[in-house]
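Chemist: Take a look at the letters that make up each chain.
There are 2 protein chains.
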Amino acid sequence: MNTQRARRELGISKAAARIRGAAVELFATKGFGATSTRDIAARLQLSPGAVYPHYKTKEALLYAISLEGHLDALTTVSNADDPAMRPVARLISTVSAHVQWHARNRELARVVQYELRSLSTAHFKEIASIRRKTSQIFADIIEKGCATGDFSPGDSTAAVLAITSLGVDVSRWFPARGFSHPDTLAARYADLCLRMVGADVTR
Amino acid sequence: MNTQRARRELGISKAAARIRGAAVELFATKGFGATSTRDIAARLQLSPGAVYPHYKTKEALLYAISLEGHLDALTTVSNADDPAMRPVARLISTVSAHVQWHARNRELARVVQYELRSLSTAHFKEIASIRRKTSQIFADIIEKGCATGDFSPGDSTAAVLAITSLGVDVSRWFPARGFSHPDTLAARYADLCLRMVGADVTR
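Residue numbers (this note's numbering), protein chains in the order written: chain A, 1 to 203; chain B, 1 to 203.
These are computed hints drawn from the structure, not numbers from a lab.
Among these hints, one or two may not hold up.
Since copy identity is lost for identical chains, a pair holds within one copy or between any two.
Unchecked claim - Restricting the straight-line Cα-Cα distance to at most 20 Å, the calculated cross-link-like pairs of lysine to aspartate or glutamate (EDC-like) are:
id	residue 1	residue 2
1	Lys133	Glu25
2	Lys144	Asp82
3	Lys133	Glu143
4	Lys30	Glu115
5	Lys56	Asp39
Remember, it's a predicted structure, so these values are computed and weren't measured experimentally.
Could you build all of it, start to finish, from the sequences and the hints given here?
Modeler: Written as structure tokens, this is what we have:
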């Protein structure tokens, strides 16, 4: 999807952005199913029909939020990658960015990761393709690391899945269990992910 | 909590078990907030007030489901552990059991893992203590493995967190991404978890 079309789907006005913000708060707290567009309008002290000019349905609003969230996560991980770096450094940088994004944006992340079942089939497919691009960044780094001899994973597919899963699940529990700073957690998780792909962490 | 009290809180009758089953299906599909006790009764073709004699509130029903689910997960992982075995074998067995439980019971797991925010504070605390017991099994095995020299994790707390998190997140995505059998996934994840704690996986 090109950037212009993405911006159009999202709703580029400030009013639309405020609606998305209020919707994320309510969806994260009450769940998508239990939140009405009236609840969202009421939170912003707007009239009951105020969401309609921006998003014709609650699903369209969820789609806009999911698109924005997943594109932001993808961009964050992609920007953290530099193919000129060694595979170990690339994995540390991208895993850290992924974990930090899910810790810092945990309300948004919970909505975009856990409410996917409420999207239309066409919208779900589009979001799924963005998610695959994020996983593909980890897959490419692992493949490169195998080629250079830096990594020796048992099963690359399982490693990519686990790296992605660990990051996503941060949005469910963070902060807790002795980890309350995104940077500390990111550093620990980067170490665990290096171990998963068989990098030498003792150097 | 003793077993007798737990059974009382759960509702020991067959009718109560059917209500919990229907509630899990609806909570997993629509979310806790968007499901009413009337919806649950209707799914079982019962009168609108049929849940009330068994569970006075929707929260009491969620608590019973959470208690049952978390106790079952704890029992499953605990039964998979045998302190007489070597740490490597113990970690493989318990990680596999944890992953398989979340794959096989994914609807129940999603409800008991993602709807915790809707429990009362007292009920949440009780469920949290059961969750800690499950994590403690992994922590004890890792501690033992460090003592025997079988494991060399960088940060044991992060490793326990990641092992638990990987298992829980299975209920969000399973089956997908090339993994559709609980046993295959469990074997791959057990290998990744051994790597995380610095076990020698090449032997």
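Chemist: If a hint holds in the structure, say so; if it does not, say that too.
Modeler: Hint check results:
{"no.": "1", "hint": "Lys133 x Glu25", "verdict": "neither (27 Å within a copy, 32 Å between copies)"}
{"no.": "2", "hint": "Lys144 x Asp82", "verdict": "within (12 Å within a copy, 40 Å between copies)"}
{"no.": "3", "hint": "Lys133 x Glu143", "verdict": "within (15 Å within a copy, 38 Å between copies)"}
{"no.": "4", "hint": "Lys30 x Glu115", "verdict": "both (12 Å within a copy, 10 Å between copies)"}
{"no.": "5", "hint": "Lys56 x Asp39", "verdict": "within (15 Å within a copy, 27 Å between copies)"}
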